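Given these sequences and hints, build the entire structure.
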Amino acid sequence: MLKTSQLTSDFAWIQVSNPTTVEMKTLLNKYGATVETLGYAVDRNERARTEIDEDNNIYLIIFDTLSSDFSKSGETEPISFMFVKNALISFTHESTNYVNKLLSRNIDTINKDNISVEMINAVLETLYSLTTRYLDAVMQINFERQNIQNKFKSKLNHAGIQTMLQLETSIIYLLTASKSNSTLLVGMSRTQQLQLTKPQQERLQDIIVESQQGQEMAQLASDIIEKVSNSYSNVLDNNLNQTMKFLTIFSIVLAVPNIVFGFYGQNVTLPFAASGASWILTIGISLALILIVTIVANWSDFFKK
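Position one of the sequence shown corresponds to residue 1 (the numbering used here), numbered consecutively onward.
The set of hints was computed from the structure by calculation and includes no laboratory data. Hints are not guaranteed to be accurate.
Stated by the list, open to error - Heads up, simulated SDA-like pairs for lysine to any residue below, C-alpha to C-alpha not over 25 Å straight-line:
1. K227 / D136
2. K72 / R203
3. K25 / T8
4. K30 / V117
Here the structure is a predicted model, which means the values were calculated and not measured.
The following block contains the structure:
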């Protein structure tokens with residue numbers, strides 16, 4: 001899909017999502033994009049970075065942002081802003097189309113008299129909004145982790161552990177993406193091709209600070225979730241070991257009467273076999289052996305190992 005907004009007589013904003021072959025040719029022929037930069041822009045697996053084509057006056061920004069269903073999928077996806085002559089081209093997918101709404105609101109606030117410079121402001125403000133979403137996502141993950149821990153105080157179960165593992169996966173996505181974005185933003189601050197004004201440079205520094213803060217928060221959250229998950233997994237494993245030990249002793253205890261009764265059921269002469277109280281004797285012997293097994297298990301700290 002291609003949606004063109006003519007902001008001024010000589011500057012346009014083109015929104016691109018899942019472009020067809022014909023639409024790709026339009027971007028190539030009408031707006032001066034190149035096959036290489038378009039390939040980077042539409043690639044859903046492209047890492048966050050900048051791509052500069054000085055010969056064709058193209059500056060491409062690839063930024064990792066949260067998908068619209070991040071709370072369910074826990075994934076991030078790349079979006080792209082391509083500056084070409086007299087146009088800004090934004091590339092999104094179904095799960096990141098909300099970025100265009102953010103960019104549209106920022107474009108509405110800029111001064112159209114100096115559109116080429118002001119469009120950088122709109123993109124920077126959009127990047128700032130996308131960066132702060134990482135902080136919100138990390139705080140939401142921390143909130144969910146605390147809720148799970150509170151539930152674990154009353155009942156520890158495998159379902160809770162699985163949820164913790166899902167949170168751990170989400171935070172890894174966040175951490176990886178925020179690291180890539182921080183590297184991208186620092187690189188933007190050092191490049192000369194954008195020709196940022198002093199206020200724009202200051203705003204970019206604000207975005208870098210937010211991104212690095214998000215990265216640190218994500219790293220801390222990742223460490224906490226990993227340690228908590230490991231601790232609870234160890235507790236579950238220990239509980240399972242205790243259960244298996246109990247079942248082992250229980251199976252031995254159940255086997256003892258069968259052994260005793262089996263001896264007295266054979267056609268051999270045994271002490272007191274002819275006595276009328278022999279069945280009481282077999283029960284007594286069984287109980288004595290069960291007691292011995294229990295004492296030996298406790299004496300050897302079988303349940304504490």
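Exercise. Against the structure shown, which of the earlier numbered hints fail to hold, in ascending order?
Worked result: 2
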